[in-house]
Amino acid sequence: MTEKKEYRGSIHQWQKDLMLAWYEQLDQAADTGSPATVSMMISGNCVELLEGFGAVPLYPEVNALQLAIRHQSLDPILAAEDLGYATDNCAYVKADVGCIVKGITPTGGKLPTPTLILCNFVGCNTYLKWFEHLAKLQQAPLYVIDVPFMRANEPSRSDLEYVIKQLQETVKKLEQLTGSKFDYDRFRQAVACSSRTEELWSRIKHLARRSPSPFDAYFDAITLMGPLYVYRARPEGVEFFEAALAELQAKADAHKGVYEQEHFRLVMEGPPPYPYFRTFRDMFAKWQACAVASTYSTVGGLWEFGFRHDPDNPFESVAMHMIAQNVTNRNFLQRYEQIRRYIEEWNADGLIIHFVKSCRLFSAGQGDMRDYFTKQLGVPTLYIESDLEDPRYFAEAQTKNRIDAFFEALEHSKTATPVREET
Amino acid sequence: MRIAAGVDVGSTQTKAVVVSDNGGVKVLARALVDTGANVQRAAERAFDMCCHEAGIHSGDVGFVVGTGYGRYKIAFGNTQMTEITCHAKGASFLCPGTRTVIDMGGQDSKAISVGANGEVLDFVMNDKCAAGTGRFLANSAEVMSISLDEVGPLSLKAKHPVKIATVCTVFVESDILSYLAQGKTAEDILGGVHIAIAKRTLSLARRLNIEPEIAMTGGVARNVGMVWALEEVLGRKMLVSPDAQFIGAVGAALFALEKLDQSFESGIWRGDHAVSGGH
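Those protein sequences? They're chains A and B, same order as listed. First residue of the first sequence: 1, per our numbering; consecutive thereafter. First residue of the second sequence: 424, per our numbering; consecutive thereafter.
Simulated from the structure, these hints should not be mistaken for laboratory data. Be a bit skeptical, because a hint or two may be false.
Claimed, not checked - Listed below are the simulated SDA-like cross-link pairs for lysine to any residue, each with C-alpha atoms no more than 20 angstroms apart in a straight line:
{"#": "1", "chain 1": "A", "residue 1": "K286", "chain 2": "B", "residue 2": "K449"}
{"#": "2", "chain 1": "B", "residue 1": "K449", "chain 2": "B", "residue 2": "N540"}
{"#": "3", "chain 1": "A", "residue 1": "K375", "chain 2": "B", "residue 2": "K449"}
{"#": "4", "chain 1": "A", "residue 1": "K375", "chain 2": "B", "residue 2": "G538"}
Claimed, not checked - Okay, the calculated beta carbon distance ranges per label pair:
{"#": "5", "chain 1": "A", "residue 1": "H206", "chain 2": "B", "residue 2": "A588", "range": "46 to 54 angstroms"}
{"#": "6", "chain 1": "B", "residue 1": "G478", "chain 2": "A", "residue 2": "R341", "range": "54 to 62 angstroms"}
{"#": "7", "chain 1": "B", "residue 1": "L603", "chain 2": "A", "residue 2": "G367", "range": "35 to 43 angstroms"}
A quick note: this is a predicted structure, and the numbers were derived from the prediction, not measured. Note that CB positions come from ideal geometry on N, CA and C, so glycine has one too.
Model the full structure from these sequences, guided by the hints.
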């Protein structure tokens with residue numbers, strides 16, 4: 001019997017309301033030019049800086065995934081391919097470009113021409129081209145923050161200073177573009193809000209160490225990630241995550257899990273196939289398999305191991321977050337270590353790696369990752385392929401077959417006995 | 424005596440096996456039909472033929488496990504399991520000592536690491552590409568107007584196997600046509616085709632720890648040329664059961680036997696729409 005479970009607490013509606021309010025602000029900005037808006041990438045976003053101008057972030061990735069989850073991503077992808085984008089280009093890029101060309105938005109409302117396209121280049125080098133194309137298509141100014149990749153476990157002092165200097169240049173650029181002076185106190189307050197939100201979010205993620213976990217740290221975490229990226233630096237964000245923690249804490253204290261019986265605990269690597277989000281989730285729900293940790297939920301920031309923004313050192317902590325505290329900009333050995341800690345400290349039974357066909361940067365190396373976890377650490381690992389945005393890459397029967405076989409193997413390894421042939 | 428059955432609905436052929444347990448497990452009968460367009464009907468036909476062959480009534484069968492891509496279409500099955508789990512179980516039974524299974528079927532190929540009790544330790548499969556599968560062989564045979572049964576023995580007569588550069592099941596046809604135009608013999612072309620598939624399969628299997636004994640399962644195991652080519656690239660002999668094509672169904676039948684002793688609710692059984700009752 002297939003068990004379909006999705007967290008539907010009161011924060012679910014609250015999250016929807018927050019995201020709709022965000023889109024309404026963007027709609028208003030499209031009509032009136034106010035508030036100022038800044039396009040950014042999710043990974044290592046510096047939304048705190050925007051608060052110093054009362055500016056609102058625009059996330060092309062969020063628009064793209066919203067379309068995919070509503071089964072509307074293929075048309076804009078095809079429109080981008082008509083323009084000459086190759087089939088194996090990042091499908092987020094194609095969906096976003098196609099939307100601009102065809103005038104499609106996730107809500108049907110309007111999206112503004114950004115005041116600034118801020119390419120906070122973190123890990124993903126596709127973003128450089130993506131945002132260059134956006135600047136041209138939208139005729140908006142472009143500024144690139146070049147964030148050095150994590151070549152070691154800690155960033156060097158010069159790496160930090162390099163990014164801080166670029167953040168200060170961004171401030172000057174935004175002062176020119178908005179005609180407003182940067183409000184440093186408001187920026188510090190925003191950093192303080194972020195610090196508080198991050199603490200709450202971190203506590204929520206640590207609740208998944210309980211057995212049963214009160215929420216799915218992959219499928220349910222995605223619901224919480226929208227407010228995290230848009231509202232983290234605002235009091236509304238703090239208020240929302242306080243409520244979320246209280247709700248999930250109560251669930252954990254009552255020993256209520258995602259499933260009546262939590263049969264498997266998983267760590268998930270890679271983003272989900274958004275065009276088949278529900279179908280994909282059901283494949284795990286059937287086995288009462290709960291994700292207790294995920295790397296995807298740390299794309300915007302890695303907070304469960306202790307990092308917080310610091311209102312006493314606002315620029316430096318924003319720079320540190322951009323360089324060192326989001327999974328996209330961290331090196332592969334750090335990603336291995338992050339997953340290893342999840343498996344051990346969150347007490348997981350196995351690892352699921354979802355390879356994203358059109359994201360070579362994030363997915364390249366996942367074959368080696370599979371080898372590392374299966375052969376060196378002996379962690380049962382399933383490797384599956386599809387895409388996060390392009391529905392053409394999702395083969396339902398094949399994916400289901402692999403997932404079923406993986407769980408059968410996990411079950412069977414506990415119960416298998418030899419069969420004797422009749423002589 | 425307890426009797427159970429496994430039905431493996433593959434992309435090209437459907438296999439059924441009936442087993443009994445009377446202090447030791449014995450395969451009573453096996454049946455094979457083309458899957459065709461009506462998957463449900465193919466499963467019924469294979470099962471009925473198998474019962475007839477075993478000299479039993481379908482009602483004598485205590486439990487039926489369906490496997491293969493069409494497993495959810497087996498209306499009379501009590502539950503379903505993936506062919507990956509069933510191949511590991513079946514190979515371990517028919518080829519004792521198996522630690523690695525190489526399964527080559529009509530549209531997918533897979534490598535499975537198997538534990539001492541026939542349990543799956545790890546597995547890899549081809550993904551969205553039919554390279555290294557039976558379909559690659561079938562297309563090659565078709566373009567050369569040679570029957571599928573002949574390609575294996577012919578490939579063994581190759582003196583100078585050609586190099587097949589493509590791994591694409593579609594584009595291999597143009598490679599073959601090009602070699603035919605150059606006057607290469609069918610034997611040498613087929614030798615190259617078999618080696619190309621074997622190398623592709625080996626690169627897939629290398630993602631696992633390939634440990635002996637290695638058993639080959641699936642319909643392509645009947646192809647002597649393919650067995651030879653795989654043994655060449657592996658550098659060792661494989662275990663190939665005369666029932667290699669039925670191994671998925673055998674594994675399913677063995678699980679069905681186990682279910683006769685266990686509560687249906689417990690353990691591994693997670694059929695999406697399992698149907699209980701008779702046939």
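Broken hints, by number = 1 and 3
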